[in-house]
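For chain A, the structure is supplied; the task is to place chain B on it using the hints.
Next come the chains, spelled out residue by residue.
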Amino acid sequence: ETGVTQTPRHLVMGMTNKKSLKCEQHLGHNAMYWYKQSAKKPLELMFVYNFKEQTENNSVPSRFSPECPNSSHLFLHLHTLQPEDSALYLCASSQDLRRYEQYFGPGTRLTVT
Amino acid sequence: QQQVKQSPQSLIVQKGGISIINCAYENTAFDYFPWYQQFPGKGPALLIAIRPDVSEKKEGRFTISFNKSAKQFSLHIMDSQPGDSATYFCAASLNSGYSTLTFGKGTMLLVSP
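Protein sequence lines correspond, in order, to chains A and B. No gaps in the numbering here: position 44 of the first sequence is 44 in our numbering, and each next residue is one more. Just remember that our numbering sits 1000 ahead of the position in the second sequence, which is counted from 1.
With the rest of the complex left out, here is chain A (with noise of 0.2 Å):
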């Protein structure tokens, strides 16, 4: 596996579920995002990591849960989400806060039903 890799592609879920996303780069990175993609809106940043410290909570509502065991890995957990919760989360990662290159993976597709 190369780059930044996310599991699972695609995830139906209904309101009352429990889920996880997972997020993992192979670059060596330390910095590591989450960011929301909705129909023809911009990409909304919603965490960031730097050396398994969160450095950023971009007013993300509580039913996500963000946990970051190494450098290498980023899960999202999800519960009791909402429809407009529907939408592609992509997950980034960057050598380190102060380099603006970010790398990002195919994203999972997630339909909240």
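Quick caveat, the hints were computed from the structure, so don't treat them as lab data. Positions of the beta carbon are idealized from the N, C-alpha and C atoms, including for glycine. Some hints could be false.
Said to hold, decoys possible - DSBU-like, lysine-lysine: derived pairs with alpha carbons at most 35 Å apart:
1) B/K1015 to A/K52
2) B/K1057 to A/K18
3) A/K19 to B/K1057
4) B/K1015 to A/K18
5) B/K1105 to A/K22
6) B/K1042 to A/K52
7) A/K41 to B/K1071
8) A/K41 to A/K18
9) A/K18 to B/K1071
Claimed, not checked - Which bits of chain B does chain A cover? Going by a derived footprint, with three or more residues having C-beta under 8 Å, they are:
10) 1040-1048
11) 1102-1112
Leaving out everything else, chain B in the frame of chain A:
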């Protein structure tokens, strides 16, 4: 408040033509302006980027033109090819210690054969 405005929303160009996508920003503290290319089912990929100390940057068929006084920058794709059909996002980043990117809404480019 959208800090990076991108236009047009969609664009159709004939093969061999020039594709032009424009972005305008508001925050004069932005100091890094990348363009990302996203194909269906893939995450965004960094295409080309510019800093405000230069007015133009060219990489192959892709050129960024930057107008600091007007707070505008644009992507030009010369000799557009059907394989260039994708969604293009401009972005801007603050030199605040974080590599956080503010994205435009995207332009869907279709290059007709």
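### Query
Which earlier hints turn out false for this structure, listed by number in ascending order?
Going through the list in order, the structure violates hints 1, 2, 3, 4 and 9 and respects the others.
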